[in-house]
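**Q** The residues making up each chain are set out below.
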Amino acid sequence: MTTTNTNALEVKNVVKYFHDPSTFQVLKGVSFDVKKGEFLSLVGKSGSGKSTLLYILSTMDTDYEGSLIVNGNLLTGQTQNQLSIFRNEHIGFVFQFHYLLPEFSALENVMLPAKKLGKLSFEEIEHKAYESLRLLDLEEQALKGANKLSGGQQQRVAIARALINSPSIIMGDEPTGNLDSKNSMAVQDIFRNLAHEFGQTIICVTHDNDFAQRTDRTIEMTDGLILSH
Amino acid sequence: MAQKRKNNVNRQIASVHLTSKIGQTVVAILGVTFGVSMYIFMNSFMNGVNKAQDDLAFSNLSHIRIDNENEKNDYNPVQDVFSLGTVFNIRNKKDIQSETDIKNTHQVMAILKAQPEVKDITSQVNFSVFFRNGSKKINGSISGVEPNNENRMFGSAGKVIAGSWDDLNYMKSGLIIGRILADNLGVKLNDNVNVLTPDGVSKNFSVIGIIETSVKEIDKSRAYINISTAQQLLGKNFDYSTGILVNLYDRDKTTGVVNKTQNSVKYNMETWQEANQQLVAASQLRNIIASAVSLAILLVAGFGIYNIMNMTINEKIREIAILKAMGFSGGDVLTIFLTQATAIGLLGVFSGLILGISISSAVNQVPFKVAGLTTLPIHYQWIDFVSAVIFGILTTLLAGYFPARKASKIDPVIIIRG
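So the protein lines, in turn, are chains A and B.
Residue numbers for the first sequence, in the working numbering: 1 to 229.
Residue numbers for the second sequence, in the working numbering: 1 to 418.
Honestly, the hints are just simulated from the structure, not real lab data.
Quick caveat, the model's predicted, so the values are computed rather than measured.
Idealized CB from N, CA, C, for every residue including glycine.
Each statement offered as a hint is correct.
Computed Cβ-Cβ distance ranges for the label pairs, DEER-style:
no. : chain 1 : residue 1 : chain 2 : residue 2 : range
1   : B       : Leu299    : A       : Lys45     : 49 to 59 Å
2   : B       : Val300    : A       : Val15     : 50 to 60 Å
3   : A       : Lys12     : B       : Arg11     : 36 to 46 Å
4   : A       : Val15     : B       : Ser15     : 42 to 52 Å
5   : B       : Val16     : A       : Ser67     : 31 to 41 Å
6   : B       : Arg11     : A       : Glu123    : 14 to 24 Å
7   : B       : Ile390    : A       : Ser46     : 54 to 64 Å
8   : B       : Asn310    : A       : Val15     : 32 to 42 Å
Based on the sequences and whatever the hints tell you, model everything.
**A** Right, here's the structure in full:
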């Protein structure tokens, strides 16, 4: 029981198959724990199953065997609706391609998850969104349309959006994959800061070895198994 | 409070989707607008046509007609004397004249007047005559009427083009004659006409009015006199009539009134529906055509909306995946797209109602001078507006629901991983 207090995430013996075009075992029994406030990277070659694993951790993919516990809650077997509520409150997600809603301003994009959560008033959400944007040095861009921003700016807006509900875990799928080295460094600094100062757990899939070396811990995967952690 | 804010964010996303591609939204709204406005116009026009035709028909047709049918006489006196089974033969049998008239007119009228559904009631004495003017002799018919009641039922006074209908009340030897009949006889107002009954009674009448109904057959052959003169002419008493005409407040309730009173009235009671089945059939067929055409238009509008919603969802498939990754549920996505469909539906229905009324009133101005009409007929009924609103919203919701459900089932992992 004590482990659930310090572990943000526990993965037990996760097995995953792809059935299309032919049945293929992507994950062959993966188990590991992630501590609270840890900055973790998942590395491995293409097809090693690291992204597949991340989407299972994100609760979006429910078609797997084994179990997933986040903040002491067993998420395996919950319905899509329960999971989307959990995801909204506890998990922030940053994608390789920034994936903002292009018709909304940067500020509105950041505010969306908080409006969905509905725990704060509009003014509080707006204030919080400005804080998140300021943290990422985007205050000037707040009212610009999302499609008017540069790639690096869009990625930082996406991070601000992931932060708005103060989730306990932030997950990134190659969050710096589309950024130049300067912007990449900035994002890494932000993540480390969040992990160490705010106690948020960060899990990032990456190809970038430099990125991986700067994280607290690296899990390396190959052929659906964990090689080292 | 939390629930309310969540709904707001779904609505906000829906409204951004609607306004960002305003052209598409307008096309979708216009589809509903045309569907609803055609529904209103077609139905109002058909109602107008039905109403015009009914008005024409009921200008000389009552809702219920009571008369005495000439019955077949089956009475065989031989059977009263001889036992059953006796063989007999009667050659060239003669039946006595059976009664074709109503003998107790006032009693029957009292029974019907007591019914709350009955609005107006009048009795008539009708019979065939020869109209004679000098050597000119024309076959026709006389209607002995109660002038005030007849006018209340059929608006006869309004059809008199010369003289006055009311004069029938006190001018017992006055006659109001059909326009064509008057022309054919060569008589004018205040001229005399001789009337010869089938029983050989002849009497002179003075023309106190000329009437023009919209039914040519009547104008060609009919004249109206006071009912008491008619009774005298036939040698009958004041309780005699050949038919009683009844109008109800609601002409669709004839069957109920007939069923209630049939036992005490004992005469043949014929409703206008039985007497004029072609009238009922024609208006029902017109209503079916109107509904079919307008529903087809709404259906086409529905497919338009379905297409536009499907396109929108295919364009926004990545955004939907992102919303789901952020924690929006399938239900939220369904709400977002159904909200769009509802907004399109409401705006379309509202503008459709306005356009429908505009088209209808424009058509109502088009001159059309046939059979008592002056312009193309339009008649609004609130039920058409209610069903237009219901059908319009139902179509958009159905057309929006299937694409929205597809969107709600999008698996974000497949979209985001590419």
